[in-house]
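**Student:** Each chain, written out:
2 protein chains.
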Amino acid sequence: TIRWVGRYGFDLNTATTVDTQLNVFADFQPVPPDGSRDAEIIFLANIDPDIQREVLRQVNSPRLTMLDTMNYWIEAKPKELTQAMAEVDLVTMNESEIRQWAGDYSIITAAKKILNLGAKAVVVKKGEYGSFLLSRTGYFLAPAYPLEEMKDPTGAGDSFAGGFLGYLSTVPEVSPVHLRRAIIHGNVVASFAVEDFGVNRLLNLTRAEVAARYLEFRTFTQFEEP
Amino acid sequence: TIRWVGRYGFDLNTATTVDTQLNVFADFQPVPPDGSRDAEIIFLANIDPDIQREVLRQVNSPRLTMLDTMNYWIEAKPKELTQAMAEVDLVTMNESEIRQWAGDYSIITAAKKILNLGAKAVVVKKGEYGSFLLSRTGYFLAPAYPLEEMKDPTGAGDSFAGGFLGYLSTVPEVSPVHLRRAIIHGNVVASFAVEDFGVNRLLNLTRAEVAARYLEFRTFTQFEEP
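Line order of the protein sequences matches chains L and X. For the first sequence, the numbering used here gives the first residue as 1, with consecutive numbering after it. For the second sequence, the numbering used here gives the first residue as 1001, with consecutive numbering after it.
Hints are computed from structural coordinates only; laboratory data are not their basis. From the three backbone atoms N, C-alpha and C, an ideal C-beta is built for every residue, glycine too. All clues given are correct.
No farther apart than 35 Å at their CA atoms in a straight line, the calculated lysine-lysine pairs in the DSBU-like style are these:
#1 L/K126 <-> X/K1151
#2 L/K79 <-> L/K113
#3 X/K1079 <-> L/K151
Every beta carbon over 12 Å from chain X, so not counted as near; a handful from chain L, in silico:
#4 T16
#5 T20
#6 Q21
#7 V31
#8 G35
#9 S36
#10 I51
#11 E80
#12 Q83
#13 N116
#14 L165
#15 E173
#16 F192
Pulled from the structure, derived: some chain L residues nowhere near chain X, Cβ distances all over 12 Å:
#17 D27
#18 F28
#19 Q29
#20 P32
#21 P33
#22 D38
#23 I41
#24 Q58
#25 K79
#26 K120
#27 T154
#28 F197
#29 L205
Model the full assembly from the supplied sequences, consistent with the hints where possible.
**Tutor:** Laid out in structure tokens, this is it:
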């Protein structure tokens, strides 16, 4: 698999790439296994945008597609990446990646450029600062779950995507209300993931724990009219 | 007045101090002007903590006091600052200041240390990432108003304090519900302040604009139960 070597900053919120080795993925030709061509929801996790597009060509008619990426592809294959982004329903990136891709400091301006490619919504992951969603109907901001101690941010983005798309797989349509709920589910799952190293915490995570933390999110974000 | 020379980072979200000159405030003896000794609400803005404490001694019986500070005092007078913090109802600092004061990266841990001094609540200002409130009844997180373009972050913290305490001055008690509304009012006023240089935008800001942006905050932060 791809070998990424990087460093996390003191705050565990910023990652610096030291080296990326594609290894077997340098010449990888994806072949979706039996059954997966009919998947309703397709998540194109961080990989070569040409591979992401090849996967899209091989699936039948998913009702929802989402793409993630990383600084490596923004630098190595910007044109192919932008083309892949134009072919999916949802794009997710972290804060520094979307700024790098757009060449613009403003996350709002950058996200609008992605909507202009045709995406229905853009989800910007801001680590300990939560998530920003921009869709054609407006935007939504959700903080990260406040953790007094975080052990390992590795996989936070992928576990966010899992919680986010996992929720959307349970509802019939990607409406504004459901997108918001999906963002909170993504933040909830990511908050569990970083509580322990690797996937340790996710291995014993229960639906009840996810539901409880979702409700807890409401207790510290909601406020009344003036 | 105090002359602070600093630099804002590329993201306008972090400030680096180059030089601080106390000038006349080096030997300043505060004397509250006539009428202000009976003020109901006292905001001890960033200044020498000994001066902050002296002001507290000279006011009669305010129903609410809040203290702000800066890296300069955390380094130069940590003991006096901590003593001043122990004498007020509310403490506000930005993210890097509270970490520096507490010697702890975790904002939750740092804020708990301030509650242990006796404060009723702690408000951590996170710039473009919004505000974090910790009180004895729990915490509350509010994003900053998403601005596509920001012109000048100078004074964002003081305008936050103005909106925050201005709201609390209109309600009879500092309840959890009112503290949340106060945070949103603070974020709203700060968001206007940074839209233009200096106090330009605040000079022509209306109550109706504040109220409209408050309601707008609800549209991009609220979400339903799962």
